[in-house]
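Visitor: So you can see what is in the structure, the chains are spelled out below.
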Amino acid sequence: MAERCAVVGVGQTNHSSCRADVSIAGLVREAVDRALADAGITIQDVDAVVIGKAPDSLEGVAMPELWLADALAAHGKPVFRVHTAGSVGGSTAIVAAQHVMAGIHGTVLTIGFEKQSDGNAMWALSVPIPFGMPVHAGAGGYFSPIVRGYITRSGAPSHIGAMVAVKDRTNACKNPYAHLHEPDWTLEKALETPMLWDPIRFIETCPSSDGAMALVLMSEERAEKMSGPKAWVHATAMRSEPTAFAGREQVSPRAGEMCAEDLWRKGGITKPAEEIDVVEMYVPFAWFEPMWLENLGFAPRNEGWRWVEDGVTEMTGSLPVNPSGGVLSSNPIGASGMIRFGEACMQVMGTAGEHQIDGAKKAVGHAYGGGSQFFAMWLVSSLKP
Amino acid sequence: MRDVAIVATAQRPSQIGTQLTSVELILPVVAEAVKNAGIQRQDVGFWCHGSCDYMSGQPFSFVAAVDAIGAWPPIVESHVEADGALALYEAWVKLQTGECDIAVVFANGKTTSGPIDRILTLQADPYFVTPLWPGFDAMAALQARACLDAGVVTEEQMAEVAVRSRRDAKSNAVAHLKGDYTVDELLSGPYTTAPLRAHDCSVPVDGANAVVLAADDVARRLAKRPAWIRGIDHRIDTQRLGARSLTTSDSTRIAAEKAGVGRDKVDVAEIYAPYTHQELLLRSAMGLDATTTVINPSGGALVANPAMAAGLARFVEAAEAVFAGRADRAVAHSTSGPCLQQNLVCVMEGD
Amino acid sequence: MSEADGIVRLRQPIGVEYSWSAGPNATSHLSGLMNGKLIGKRCPSCTLVYFPPRNGVCPKCAAILAEDVEVGPKGTISTFCVVNVPFLGQKVKIPYVAAQIVLDGADISMQHLIQECEADEVRIGMRVEPVWKDRSEWGPTLESIAHFRPTGEPDAALGSKAGES
Chain A
1 MAERCAVVGV
11 GQTNHSSCRA
21 DVSIAGLVRE
31 AVDRALADAG
41 ITIQDVDAVV
51 IGKAPDSLEG
61 VAMPELWLAD
71 ALAAHGKPVF
81 RVHTAGSVGG
91 STAIVAAQHV
101 MAGIHGTVLT
111 IGFEKQSDGN
121 AMWALSVPIP
131 FGMPVHAGAG
141 GYFSPIVRGY
151 ITRSGAPSHI
161 GAMVAVKDRT
171 NACKNPYAHL
181 HEPDWTLEKA
191 LETPMLWDPI
201 RFIETCPSSD
211 GAMALVLMSE
221 ERAEKMSGPK
231 AWVHATAMRS
241 EPTAFAGREQ
251 VSPRAGEMCA
261 EDLWRKGGIT
271 KPAEEIDVVE
281 MYVPFAWFEP
291 MWLENLGFAP
301 RNEGWRWVED
311 GVTEMTGSLP
321 VNPSGGVLSS
331 NPIGASGMIR
341 FGEACMQVMG
351 TAGEHQIDGA
361 KKAVGHAYGG
371 GSQFFAMWLV
381 SSLKP
Chain B
1 MRDVAIVATA
11 QRPSQIGTQL
21 TSVELILPVV
31 AEAVKNAGIQ
41 RQDVGFWCHG
51 SCDYMSGQPF
61 SFVAAVDAIG
71 AWPPIVESHV
81 EADGALALYE
91 AWVKLQTGEC
101 DIAVVFANGK
111 TTSGPIDRIL
121 TLQADPYFVT
131 PLWPGFDAMA
141 ALQARACLDA
151 GVVTEEQMAE
161 VAVRSRRDAK
171 SNAVAHLKGD
181 YTVDELLSGP
191 YTTAPLRAHD
201 CSVPVDGANA
211 VVLAADDVAR
221 RLAKRPAWIR
231 GIDHRIDTQR
241 LGARSLTTSD
251 STRIAAEKAG
261 VGRDKVDVAE
271 IYAPYTHQEL
281 LLRSAMGLDA
291 TTTVINPSGG
301 ALVANPAMAA
311 GLARFVEAAE
321 AVFAGRADRA
331 VAHSTSGPCL
341 QQNLVCVMEG
351 D
Chain C
1 MSEADGIVRL
11 RQPIGVEYSW
21 SAGPNATSHL
31 SGLMNGKLIG
41 KRCPSCTLVY
51 FPPRNGVCPK
61 CAAILAEDVE
71 VGPKGTISTF
81 CVVNVPFLGQ
91 KVKIPYVAAQ
101 IVLDGADISM
111 QHLIQECEAD
121 EVRIGMRVEP
131 VWKDRSEWGP
141 TLESIAHFRP
151 TGEPDAALGS
161 KAGES
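Chains as they are written, first to last, in the numbering used here: chain A, 1 to 385; chain B, 1 to 351; chain C, 1 to 165.
These aren't lab readings, by the way, just hints derived from the structure by calculation.
Please note: incorrect hints may appear among the correct ones.
[Unchecked claim] Subject to a maximum C-alpha distance of 25 Å in a straight line, what follows is the list of computed SDA-like cross-link-like pairs (lysine to any residue):
id, chain 1, residue 1, chain 2, residue 2
1, A, LYS77, B, PRO73
2, A, LYS189, C, PRO95
3, B, LYS258, A, LYS266
4, A, LYS266, B, ASP3
5, B, LYS258, A, GLY76
6, B, LYS258, B, GLY287
7, A, LYS77, B, SER113
8, C, LYS37, C, THR27
9, A, LYS77, B, TYR191
10, A, LYS384, A, GLU261
11, A, LYS384, A, ILE41
12, C, LYS133, C, GLY32
13, A, LYS77, B, TYR127
14, A, LYS174, A, LYS77
15, A, LYS271, A, GLY359
16, A, LYS77, B, THR238
17, A, LYS189, C, LYS74
18, B, LYS35, C, PRO44
19, B, LYS35, C, ASP120
20, B, LYS35, C, LYS133
21, A, LYS266, B, GLN42
22, A, LYS266, B, PRO73
23, B, LYS258, A, LYS271
24, B, LYS258, A, ARG222
25, B, LYS265, B, ARG244
26, A, LYS77, B, MET1
27, A, LYS77, B, GLU257
28, A, LYS189, A, GLU220
29, C, LYS74, C, GLU118
30, A, LYS189, A, ALA73
31, A, LYS77, B, GLY242
32, A, LYS77, B, LEU241
[Stated by the list, open to error] Facing chain A, from chain C, some residues (calculated, C-beta under 10 Å):
id, residue
33, ARG9
34, PRO59
35, PHE80
36, ALA99
37, ASP107
38, GLN111
39, ASP120
40, VAL131
Backbone N, C-alpha and C define an ideal beta-carbon position, used for all residues, glycine too.
Just chain A, with the same shape it has in the complex:
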């Protein structure tokens, strides 16, 4: 019943720790203008806008999409806002795609953004709540015990996280939009960085970035008329589960497994590790790469870290993960998921430049959020479904 949908334009900002040269609206528009140019259309051609970002407290503007209607030239058009925690960039792109798949709009612009330098992220994400016990320190304090759970369960050696981090930081040097361009990391140097949230080292953590990603999505009828490369949306999937309950598996959450199973089923994928050419995976702390390799069904349980050690996820490996440098190299929270989704599109469109995986035909974008409880994924391909 659903109509086909293709991404015909991808645009992102130059991500950095503080984009003091632009306003929030200017940041958003930078990504939008690049996406429109990539698609070869103007903003007047857009039927509807679907916009996502993480908590409004990061910039101190409540429901900023209302005020941004001007910057998006959206007067008289629909503007729709999504907020699903860290997975928001992914789920926003999915909601946008569904507007097309449902046959409601022919051309949809979708945007994920965050201007973290305009607020205080550490504060905004750890507002002290009465009645609790304020012992942790931001997201690292939350996820570090889970990483320890993985290391204990899988028997992974302690250098795996640093290996992932060095790979992603090295890949980021091939991506002109990445926040961190640090070419000189070696595993040895990485292992010398301090333990911030033991067992998570400094190099294994993501930066705090300003940035935005925008995509132009079209119906089959309209996409066919466009001469440029396209990324056809083969499947989308979302799953959620509660933050905490007795017996909850946090290392490999069931919601993540189900999200991937749903994606493979809808996309007709039976052997993900063989059929998928490249993955843009949401890895804000390096250890999550081996954890998600297992959770998504690429690697067998407790084997994800061996894939990292064997170089499988390097750009030259059989399953490259995060050739863009990933969240570890750029993390504008509300945009990070959509950057994964957009980078997956760039790979199958053949427009990833220096970090292009040659011949990539099928790519996956992945995002997660909350306490590893909200998952969003899509499968895109250069071939029509």
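Model the placement of chains B and C on the given structure of chain A, informed by the hints.
Guide: Below, chains B and C without anything else, positioned relative to chain A:
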């Protein structure tokens, strides 16, 4: 397009200063809506939630709501940082893709845990408007003044809206402010934010509500008389008050046209108008004739405004009018942003 | 002025005050903490015991947690991290251990501080007990407990119900 309908609803009485947490507000209404639809949680293919972090005073406040709906085994779920009416729109889109047949939409708004006028002002331009802290009521008052000066509304007509809303609320168990008043009585009161008087502004309350949507035969099976969604659309205007007409609402007019409001007679219209003059503006923008259409028989948001749930409440009331046969054709409307910046319009019909 | 020449950045502090409600379902738990008692709640559907009872709801069953159950005071560390990051509002000197502790009789872990031992001595399975603050400082918060410390008992295996969290 698939035929999609509202098949069940639930809402709780509006309160000021509830001691309940958001989760405790949501849990019973979601459970009741699911029960009213005669389904199990596991039958629901998509869940969508509307709420606002700044009203809760906590980033990611919606995450706790997943606890209230029993998200195990894991569910397909999404959240909008907006009124539940927009969550309903997302659910409608989802049902149109054919990925599922049943969706539950819910919303919660605790307007009394923080200074709501100040919180809503945070929607304004952060560089040029918010630093002046104009206040949400005050921005609406600017609009009311423009309407009065242009002769689009009169203070008597505004008071009539309040009188009618409070009177109709008497028969609505979930309404907060109800009773018999006269126009003269209300107009003798002082201005609160001139030209607005207390009766011109909605009463902020704490509330939650839920709606079950279903498609095609599933809807026919779950409800005796489903409220079929025949048209739904939302549009936005510029936020800059100096850059648009304050005496009309273009976004409402376009959304109403796309939703097909004018194609036939409307029996009941549930309009989310947080201020009396806005109801008059919205009626006119949607082309509704108050002599043939019953406006806000629930009392509307004026008598109980659980922001972020007040738009979805209009869907609950309009759908219930269809369920009960009080309307064959009903309109539900929701708004967001200063001075009716964003508007959503939906037309529902009974069989 | 910012590092970008000629562009003005303005500082706009935003203050909003809220009054928080813990909700009736969490009341017995919070009253317990004011009186030196650890009160958890049992789910009427799956019978597992929550400490803390979060929003008074079992998120798996969407059921109100009705029955009070006294748990602990001792517990077992299910996992932990060593925090070395100074951050705004942090009230404890670094490095410190933030541990997930499953109290005896409870089926879900809660997070608290481990003190009175070196950070590198802390391990999964370690038995710990609460050290309460002075009675005059007790309030409706887990901060009534200053920290947890090792009991010296042999390490315990965690029940499967408590999972890896």
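Visitor: Does GLU257 (chain B) lie within 25 Å of LYS77 (chain A) when you go C-alpha to C-alpha?
Guide: Status holds; Cα separation ~13 Å.
Visitor: Holds or violated: GLN111 (chain C) as interface residue toward chain A, Cβ cutoff 10 Å?
Guide: Cβ of GLN111 (chain C) sits 6 Å from chain A, so the hint holds.
Visitor: Checking one constraint from the list: CA of LYS77 (chain A) to CA of PRO73 (chain B), max 25 Å. Satisfied?
Guide: Violated, at about 37 Å.
Visitor: For the pair supplied as a hint, LYS174 (chain A) and LYS77 (chain A), is the alpha-carbon distance within the 25 Å limit?
Guide: With Cα atoms ~38 Å apart, LYS174 (chain A) and LYS77 (chain A) exceed 25 Å; violated.
Visitor: Taken at face value, is the distance from the CA of LYS133 (chain C) to the CA of LYS35 (chain B) at most 25 Å?
Guide: Status violated; Cα separation ~47 Å.
Visitor: Identify whether the interface hint at ARG9 (chain C) stands, where standing means a beta carbon of chain A within less than 10 Å of its own.
Guide: holds, 6 Å
Visitor: Keeping to a limit of 25 Å between CA atoms, is the pair of LYS77 (chain A) and TYR191 (chain B) held or broken?
Guide: Answer violated: LYS77 (chain A) to TYR191 (chain B) is near 36 Å, above 25 Å.
Visitor: Hint check: LYS35 (chain B) vs ASP120 (chain C), CA-CA at most 25 Å. Holds or violated?
Guide: violated, 53 Å
Visitor: Would you mind confirming whether the straight-line C-alpha gap from LYS74 (chain C) to GLU118 (chain C) stays at or under 25 Å?
Guide: Roughly 19 Å between the alpha carbons, so the hint for LYS74 (chain C) and GLU118 (chain C) holds.
Visitor: Check the hint pairing LYS266 (chain A) with ASP3 (chain B) against an upper bound of 25 Å on the C-alpha distance.
Guide: holds, 24 Å
Visitor: For LYS271 (chain A) and GLY359 (chain A), compute the direct alpha-carbon distance and say whether it is at most 25 Å.
Guide: At roughly 19 Å apart (the allowed maximum being 25 Å), GLY359 (chain A) and LYS271 (chain A) satisfy the hint.
Visitor: Compare the distance between the alpha carbons of LYS77 (chain A) and LEU241 (chain B) with 25 Å, and conclude whether the hinted pair is satisfied.
Guide: holds, 18 Å
Violated hints, listed in ascending order, are 1, 3, 7, 9, 14, 17, 19, 20, 23, 25, 28, 30 and 40; each of the other numbered hints is respected by the structure.
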